[in-house]
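> Listed below, chain by chain, are the residues.
There are 2 protein chains.
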Amino acid sequence: MSLDAVLARIDADLDAALDRLMALLRIPSISTDPAFKADCDRAADWLVADLASLGADVRKCPTPGHPMVMGTIGEGARHFLFYGHYDVQPVDPLNLWHRDPFDPEVQDTPKGRVIRGRGAADDKGQLMTFVEACRAWIAVNGSLPCRITFFLEGEEESGSPSLVPFMEAHKDALKADLALICDTGLFDSRVPAITTMLRGLLGEEFTITGPDKDLHSGMYGGAAMNPIRVMARVIAALHDETGRITVPGFYDGVPEISNALRAQWEGLGFDAGAFLGDVGLSVPAGEAGRSALEMIWSRPTCEVNGIWGGYTGDGFKTVLPSKAHAKISFRLVGQQDPLAIRESFRKMVRDLLPPDCSVEFHGHGASKAGQFDTSDPAFEAARRALSDEWPDTAAYIGCGGSIPIAGHFLNIAGTTPMLIGFGKDDDQIHSPNEKYDLESFHKGIRSWARILQALS
Amino acid sequence: MSLDAVLARIDADLDAALDRLMALLRIPSISTDPAFKADCDRAADWLVADLASLGADVRKCPTPGHPMVMGTIGEGARHFLFYGHYDVQPVDPLNLWHRDPFDPEVQDTPKGRVIRGRGAADDKGQLMTFVEACRAWIAVNGSLPCRITFFLEGEEESGSPSLVPFMEAHKDALKADLALICDTGLFDSRVPAITTMLRGLLGEEFTITGPDKDLHSGMYGGAAMNPIRVMARVIAALHDETGRITVPGFYDGVPEISNALRAQWEGLGFDAGAFLGDVGLSVPAGEAGRSALEMIWSRPTCEVNGIWGGYTGDGFKTVLPSKAHAKISFRLVGQQDPLAIRESFRKMVRDLLPPDCSVEFHGHGASKAGQFDTSDPAFEAARRALSDEWPDTAAYIGCGGSIPIAGHFLNIAGTTPMLIGFGKDDDQIHSPNEKYDLESFHKGIRSWARILQALS
Numbered sequence: 423m424s425l426d427a428v429l430a431r432i433d434a435d436l437d438a439a440l441d442r443l444m445a446l447l448r449i450p451s452i453s454t455d456p457a458f459k460a461d462c463d464r465a466a467d468w469l470v471a472d473l474a475s476l477g478a479d480v481r482k483c484p485t486p487g488h489p490m491v492m493g494t495i496g497e498g499a500r501h502f503l504f505y506g507h508y509d510v511q512p513v514d515p516l517n518l519w520h521r522d523p524f525d526p527e528v529q530d531t532p533k534g535r536v537i538r539g540r541g542a543a544d545d546k547g548q549l550m551t552f553v554e555a556c557r558a559w560i561a562v563n564g565s566l567p568c569r570i571t572f573f574l575e576g577e578e579e580s581g582s583p584s585l586v587p588f589m590e591a592h593k594d595a596l597k598a599d600l601a602l603i604c605d606t607g608l609f610d611s612r613v614p615a616i617t618t619m620l621r622g623l624l625g626e627e628f629t630i631t632g633p634d635k636d637l638h639s640g641m642y643g644g645a646a647m648n649p650i651r652v653m654a655r656v657i658a659a660l661h662d663e664t665g666r667i668t669v670p671g672f673y674d675g676v677p678e679i680s681n682a683l684r685a686q687w688e689g690l691g692f693d694a695g696a697f698l699g700d701v702g703l704s705v706p707a708g709e710a711g712r713s714a715l716e717m718i719w720s721r722p723t724c725e726v727n728g729i730w731g732g733y734t735g736d737g738f739k740t741v742l743p744s745k746a747h748a749k750i751s752f753r754l755v756g757q758q759d760p761l762a763i764r765e766s767f768r769k770m771v772r773d774l775l776p777p778d779c780s781v782e783f784h785g786h787g788a789s790k791a792g793q794f795d796t797s798d799p800a801f802e803a804a805r806r807a808l809s810d811e812w813p814d815t816a817a818y819i820g821c822g823g824s825i826p827i828a829g830h831f832l833n834i835a836g837t838t839p840m841l842i843g844f845g846k847d848d849d850q851i852h853s854p855n856e857k858y859d860l861e862s863f864h865k866g867i868r869s870w871a872r873i874l875q876a877l878s
Numbered sequence: 423m424s425l426d427a428v429l430a431r432i433d434a435d436l437d438a439a440l441d442r443l444m445a446l447l448r449i450p451s452i453s454t455d456p457a458f459k460a461d462c463d464r465a466a467d468w469l470v471a472d473l474a475s476l477g478a479d480v481r482k483c484p485t486p487g488h489p490m491v492m493g494t495i496g497e498g499a500r501h502f503l504f505y506g507h508y509d510v511q512p513v514d515p516l517n518l519w520h521r522d523p524f525d526p527e528v529q530d531t532p533k534g535r536v537i538r539g540r541g542a543a544d545d546k547g548q549l550m551t552f553v554e555a556c557r558a559w560i561a562v563n564g565s566l567p568c569r570i571t572f573f574l575e576g577e578e579e580s581g582s583p584s585l586v587p588f589m590e591a592h593k594d595a596l597k598a599d600l601a602l603i604c605d606t607g608l609f610d611s612r613v614p615a616i617t618t619m620l621r622g623l624l625g626e627e628f629t630i631t632g633p634d635k636d637l638h639s640g641m642y643g644g645a646a647m648n649p650i651r652v653m654a655r656v657i658a659a660l661h662d663e664t665g666r667i668t669v670p671g672f673y674d675g676v677p678e679i680s681n682a683l684r685a686q687w688e689g690l691g692f693d694a695g696a697f698l699g700d701v702g703l704s705v706p707a708g709e710a711g712r713s714a715l716e717m718i719w720s721r722p723t724c725e726v727n728g729i730w731g732g733y734t735g736d737g738f739k740t741v742l743p744s745k746a747h748a749k750i751s752f753r754l755v756g757q758q759d760p761l762a763i764r765e766s767f768r769k770m771v772r773d774l775l776p777p778d779c780s781v782e783f784h785g786h787g788a789s790k791a792g793q794f795d796t797s798d799p800a801f802e803a804a805r806r807a808l809s810d811e812w813p814d815t816a817a818y819i820g821c822g823g824s825i826p827i828a829g830h831f832l833n834i835a836g837t838t839p840m841l842i843g844f845g846k847d848d849d850q851i852h853s854p855n856e857k858y859d860l861e862s863f864h865k866g867i868r869s870w871a872r873i874l875q876a877l878s
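Protein sequences appear in the order of chains A and B.
Each residue of the first sequence is one higher than the one before, starting from 423 at the first, in the working numbering.
Each residue of the second sequence is one higher than the one before, starting from 423 at the first, in the working numbering.
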């Protein structure tokens, strides 16, 4: 087992690895939109074929939604799961993309070469870093140094409706020494990271109805209640003047971080000005008295992800609409209970409604936050392996996003999750012009090769 | 000049009159949407041909937007303008229509026969009541008892951008004894009306920008300002808890109605419960302590006509959007100054913005309210003529909608407007399934024949 030979093989095979990634990126596997169901299926088929070409015993497993891809490969005393997802976010607003999101290419930019296209970073590019590391290892050594179970999902971007029942049904196959998850980022270009704190997510969509049909605002304006006005009042009421969320009981179970962790985070030299400056902002918008890093790693939030109602086309229409709609998500931390918050939120909205207005709710996923034990020596081994590949020493960090699968591995199969990824803050995941640095892809593959050796 | 013969001719010709209206309704002349520009032109051509068939000297007059139709017919000492508009509102949400909005038909309903289709009531059906009255009069008598100048617009539903410059340029042709305008309603099925108070209209569209691109709510949520949240705060701030509008100076120039007019309105027996019940509501939503009739006829309002931002498609997307948009309109009364209110509104919005957010405004029309002098004996003559046709005596009423043309006739050409129409509250103008009662159409034609005689 020569690590150097595997790393050399990875370097030599990079162009072919890129070609494979491009083929996967060209499949528009948008899981949230039923119009792309066949494409999700096609992406799963592609992965089954690719893993089979490595010698894996792999199959596409149907679910009520999009299929899972499960396969095993390798022998050895140690057994690791690997999780990634092959589905991607929708691409609107399409007019802000500089090229077809599903016609990916490698581009030269002032900051280096990037792979541009929907899913490049989230999560097809990340997923393939691990697959390519296994491919190189097998090419050099004939087999892997451990047993790997691949577990690839196609519903991560649409709330994972099939995930928990599927995991319950395959609990035994998911028991392993660790669950490796590649869906997170570096701390920065020099500092790789193992993510040990994740925020939870609660998604809610709701529709407020006033009159039972759209009305003429001249004829009814002033007499009939306008549901957009009610919606605005509800949304405006969700935060107080200090930026705290007003849903009753919302902060139950929100812990303060320890002084030790706060000190470690302060030592990271996070540049809030540059972080916000990258997106055209300068003033942190969260709770008064909290740093930007604290807000995104360790504080809960409430965001409006979408709103619509009335006439939204060109020109003007003096309509007093019947309905207003919004999609809202809460990011959760510590021991916050998503289901209790859902009930409290819905009650708060109902209490804010004036007479004659009604509301309908539709839930979109509910997951608790995760904070993972790093006492297993495998964590320090993986951290050293990462530190060998990148300029600076790897850090244990938090993450503002929600990766419910991490908690599910622990709670359902008793398998500790280890989250390692190579994304960067400017990857524009979920946004137009998503990219993945070629360096993330290349050094990501090399990192996994090092970690495979370190853990085996 | 036998009025009875004209009325008999109208009755005998009703089916042919309906066929003509149907042909006009089949042209989708949506003025606010550039995709229908050729259709607006086609509707103007149709009217030119129809008026020419009556013997009018008529032509299509180009403007920077949709054309005007102008024509004259008849001789006599007295000269009246007639105004209507051939453009119609957009038809979305299309899925709520029970048939193609531009495939009109006459339908039997529990409340009587109706003409169903976009524009049936607003304003093609109303416009044609006057044209058909002239046609019957000419068929019976060979000519009209007075001179009529037709002035038909194609931009009424999109803020009339070309109207004022066009009227200024044709000021002399628009001088007449009265300007008859057919774009208003009956008081109810029994009581016809001459509308003497109209609300003004101020339209504003604005976009609030936070981050300069759409962001991932997990990565930035809590740190970056969400423009939908800001938009909600702005809209929620536009009314106080008593339903009054908070734009500084908004109520400057808003008069209280006289006790005499209040008594007359109370005598009309307006049924606010039924008015709201027709649209699924029960509680008046306006200023505390004001009746529903007072709210829609004599009080100013602020309505949100449309709002949009972020992800509005199927499923869920945890985006923190860059922009939020809204369309807002104010209905104005008395001496309220639309331009002063526009400036005050824009300043108020700017003052409510947090750091890092910006706003862009786009104005959509600004017209003052109108209150018209009824001392000319022609008003009483027209009121008696209307009263002869309908079960009960005609009333002078207010109207919640805005018909800027009325003020323009007075201010530009010095011609007093007289607003007479036959729409009903349940016509669903600007909404799906717009209709015009066959009775409105038939008795409307007969009403104009009586008025032509009374005024000549």
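None of these hints come from the bench; they were simulated from the model.
Any given hint could turn out to be false.
[As the list claims (entries may be wrong)] With a straight-line Cα cutoff of 35 Å, these simulated DSBU-like cross-link-like pairs (lysine-lysine) come out:
{"no.": "1", "chain 1": "A", "residue 1": "Lys635", "chain 2": "B", "residue 2": "Lys769"}
{"no.": "2", "chain 1": "A", "residue 1": "Lys459", "chain 2": "A", "residue 2": "Lys865"}
{"no.": "3", "chain 1": "B", "residue 1": "Lys635", "chain 2": "B", "residue 2": "Lys769"}
{"no.": "4", "chain 1": "B", "residue 1": "Lys533", "chain 2": "A", "residue 2": "Lys635"}
{"no.": "5", "chain 1": "B", "residue 1": "Lys597", "chain 2": "B", "residue 2": "Lys865"}
{"no.": "6", "chain 1": "A", "residue 1": "Lys635", "chain 2": "B", "residue 2": "Lys865"}
{"no.": "7", "chain 1": "A", "residue 1": "Lys459", "chain 2": "A", "residue 2": "Lys635"}
{"no.": "8", "chain 1": "B", "residue 1": "Lys459", "chain 2": "A", "residue 2": "Lys635"}
{"no.": "9", "chain 1": "A", "residue 1": "Lys865", "chain 2": "A", "residue 2": "Lys635"}
{"no.": "10", "chain 1": "B", "residue 1": "Lys635", "chain 2": "B", "residue 2": "Lys459"}
{"no.": "11", "chain 1": "B", "residue 1": "Lys482", "chain 2": "B", "residue 2": "Lys865"}
{"no.": "12", "chain 1": "A", "residue 1": "Lys459", "chain 2": "A", "residue 2": "Lys593"}
{"no.": "13", "chain 1": "A", "residue 1": "Lys459", "chain 2": "B", "residue 2": "Lys865"}
{"no.": "14", "chain 1": "A", "residue 1": "Lys459", "chain 2": "A", "residue 2": "Lys597"}
{"no.": "15", "chain 1": "B", "residue 1": "Lys593", "chain 2": "B", "residue 2": "Lys482"}
{"no.": "16", "chain 1": "B", "residue 1": "Lys482", "chain 2": "B", "residue 2": "Lys597"}
{"no.": "17", "chain 1": "A", "residue 1": "Lys769", "chain 2": "A", "residue 2": "Lys597"}
{"no.": "18", "chain 1": "B", "residue 1": "Lys482", "chain 2": "A", "residue 2": "Lys865"}
{"no.": "19", "chain 1": "B", "residue 1": "Lys593", "chain 2": "B", "residue 2": "Lys459"}
{"no.": "20", "chain 1": "B", "residue 1": "Lys865", "chain 2": "B", "residue 2": "Lys593"}
{"no.": "21", "chain 1": "A", "residue 1": "Lys533", "chain 2": "B", "residue 2": "Lys635"}
{"no.": "22", "chain 1": "A", "residue 1": "Lys769", "chain 2": "B", "residue 2": "Lys597"}
{"no.": "23", "chain 1": "B", "residue 1": "Lys459", "chain 2": "B", "residue 2": "Lys597"}
{"no.": "24", "chain 1": "A", "residue 1": "Lys865", "chain 2": "A", "residue 2": "Lys482"}
Since this is a predicted model, take the numbers as computed values, not measurements.
> Now tell me, hint by hint, if it's right for this structure.
Each hint tested on the structure:
1. Pair hint Lys635/A plus Lys769/B holds up; C-alpha atoms about 33 Å apart against a cutoff of 35 Å.
2. Distance restraint check for Lys459/A and Lys865/A: the Cα-Cα separation of roughly 33 Å lies within the 35 Å cut-off, and the hinted pair is therefore satisfied.
3. For a cut-off of 35 Å, the pair hint linking Lys635/B to Lys769/B stands: about 25 Å separates their Cα positions.
4. Distance hint between Lys533/B and Lys635/A is fulfilled; the C-alpha atoms sit about 19 Å from each other, no more than 35 Å.
5. About 29 Å separates the Cα atoms of Lys597/B and Lys865/B, which keeps this hinted pair within 35 Å; it holds.
6. A threshold of 35 Å between alpha carbons decides the hint, and for Lys635/A with Lys865/B the separation of about 28 Å falls inside it, so the pair holds.
7. Taking the CA atoms of Lys459/A and Lys635/A, the gap is near 33 Å; set against the 35 Å cutoff, the hint holds.
8. Of the supplied pair hints, the one linking Lys459/B and Lys635/A holds, its CA atoms being roughly 28 Å apart against a limit of 35 Å.
9. Between Lys865/A and Lys635/A the alpha-carbon distance is near 57 Å, which puts this suggested pair outside the 35 Å criterion.
10. Taken as a hint, the Lys635/B and Lys459/B pair is honoured in the structure, with Cα atoms around 33 Å apart against an allowance of 35 Å.
11. Using a Cα cut-off of 35 Å, the hinted pair Lys482/B and Lys865/B holds, with the two alpha carbons roughly 29 Å apart.
12. For the hint linking Lys459/A to Lys593/A, the alpha-carbon distance of about 26 Å falls within 35 Å, and the restraint holds.
13. For the suggested pair Lys459/A and Lys865/B, the alpha carbons sit about 56 Å apart, so the restraint of at most 35 Å is broken.
14. Of the supplied pair hints, the one linking Lys459/A and Lys597/A holds, its CA atoms being roughly 30 Å apart against a limit of 35 Å.
15. Of the supplied pair hints, the one linking Lys593/B and Lys482/B holds, its CA atoms being roughly 17 Å apart against a limit of 35 Å.
16. The suggested pairing of Lys482/B with Lys597/B holds, with an alpha-carbon distance near 20 Å, which does not exceed 35 Å.
17. For the suggested pair Lys769/A and Lys597/A, the alpha carbons sit about 40 Å apart, so the restraint of at most 35 Å is broken.
18. A C-alpha spacing of about 70 Å is found between Lys482/B and Lys865/A, which places the hinted pair above 35 Å, so the restraint is violated.
19. Note on Lys593/B and Lys459/B: the hinted pairing holds, with a Cα-Cα distance of about 26 Å set against a maximum of 35 Å.
20. Under the criterion of a C-alpha separation no larger than 35 Å, the hint pairing Lys865/B with Lys593/B is consistent with the structure, at around 32 Å.
21. Between Lys533/A and Lys635/B the CA atoms are separated by roughly 19 Å; this keeps the pair inside 35 Å, and the hint holds.
22. The hinted pair formed by Lys769/A and Lys597/B fails the criterion: a straight-line CA distance of about 61 Å is larger than 35 Å.
23. Between Lys459/B and Lys597/B the alpha-carbon distance is near 30 Å, which keeps this suggested pair within the 35 Å criterion.
24. Pair hint Lys865/A plus Lys482/A holds up; C-alpha atoms about 29 Å apart against a cutoff of 35 Å.
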